[in-house]
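Chains as they are written, first to last, in the numbering used here: chain A, 1 to 264; chain G, 265 to 351.
FYI, nobody ran anything at the bench for these hints, they're computed from the structure.
A quick note: this is a predicted structure, and the numbers were derived from the prediction, not measured.
Honestly, I wouldn't trust all of these hints.
Over 10 Å on every C-beta distance to chain G, these chain A residues come out as not near it, computed from the model [said to hold, decoys possible]:
no., residue
1, Met16
2, Pro64
3, Leu65
4, Ala92
5, Pro120
6, Ser124
7, Glu185
Straight line, CA to CA, 20 Å or less: simulated DMTMM-like cross-link-like pairs of lysine to aspartate or glutamate [what the hints assert, rightly or not]:
no., chain 1, residue 1, chain 2, residue 2
8, G, Lys318, G, Glu272
9, G, Lys318, G, Asp294
10, G, Lys323, A, Glu115
11, G, Lys318, A, Glu115
12, G, Lys318, G, Glu343
13, G, Lys318, A, Glu242
14, G, Lys318, A, Asp110
A few chain A residues facing chain G, derived, Cβ under 8 Å [said to hold, decoys possible]:
no., residue
15, Arg22
16, Arg68
17, Gln121
Yeah, the Cβ is synthetic: ideal placement off N, Cα and C, and Gly gets one too.
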Amino acid sequence: MAAEMAAFAFFFFYCMLEMNLRGWTAWMPGRETPAAWRAWACGAERAFAVPAAADAPPVREIPPLLRRRAGVMGRAALHVLSRPELPYAGQAIVLCSRMGEFNRSFALQDELAREGRVSPQQFSMAVHNATGGLFMMARGANAPLSALAASEEGALAGLQEALAQLADGAGAVWLLYCEEPLPHEYHSFVSSREAAQYFAFLLELSSGDEFRLAPGGDGNGGAAMARAASPLDLLAFFLRPEDEALCLSARGGWVLRRSARGRS
Amino acid sequence: MLDGLIHEIKIFIIEALGLEDVAPDDIDQDAPLFGDGLGLDSIDSLELGVGLQKRYGLKISAESDETRRIFASVRALAEYVAAHRTH
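Please work from the sequences and hints to get the whole structure.
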């Protein structure tokens, strides 16, 4: 028994990850200012109307020869990565998207079936880290870039990866979440609200103890949820100072908690 | 005759490669397409190869000295298309 408790204490200690939120920026069609995002986060109903089509941000900060290959979601991601109020200074980037620019892959498959060959340009962008690569090329940066796709627990996976990099000594990490609507052929297969809208948001995480991510969510402060927290649930949590805890896993495994310092 | 094809190929390049903010008159018909000229890269050359096959029925090898000559400039490309197009 003592050995089990010691093992649990060991596991808990080494699984506890801490962070401060140094800055954020977010974009989705019709919701582009910090004030609009704060109003959304504090509203009782956080549902979105799905836009029929989205105009991509112009992303003039990225050279035309690089940005021409980005789709709407890619441009949304490049937009939040390029805001002057959150300047890039060589931080490692964790890019997290459940489906990425899946419409591009779907169109490629359709083209392959119809014509037997595909556009090399589209194919070159049909990898999960392509958008992050465009940003790194535009900045001439050689910082670590991770691209994650973690099904319904993407919010947790992205946070774990970013916080692990902080724990490993990174001074600051950029954590980017982005999605776009899936082709209608896939709508019957997904339940996530996030699969139906364009959005991109960026969090700058730095070392500190304003927030703590640790396992053990059952019976602790009502943090358990019927489903895993989505990326937009995570953003809302950061924007609502009164929220004390967010359960990031449907199995109740991991909880993000706000310390007293994180409420200011 | 060749002038018309040169203009057509400039538009084809702009559309095939998604060259924002580039108009046909911005492309020097005698300047290199790759590297210092328009600034296109190796993926663009593959894209143009596929596009030329679809549009003009041309088959261009990915690796040959002839390919370098064909893609040397818009004028060189237009001359090759005029001589070898199948539709």
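| query | Of the hints stated earlier, which fail here? | reply | Of the numbered hints, 2, 3, 5, 6, 9, 13 and 15 do not hold.
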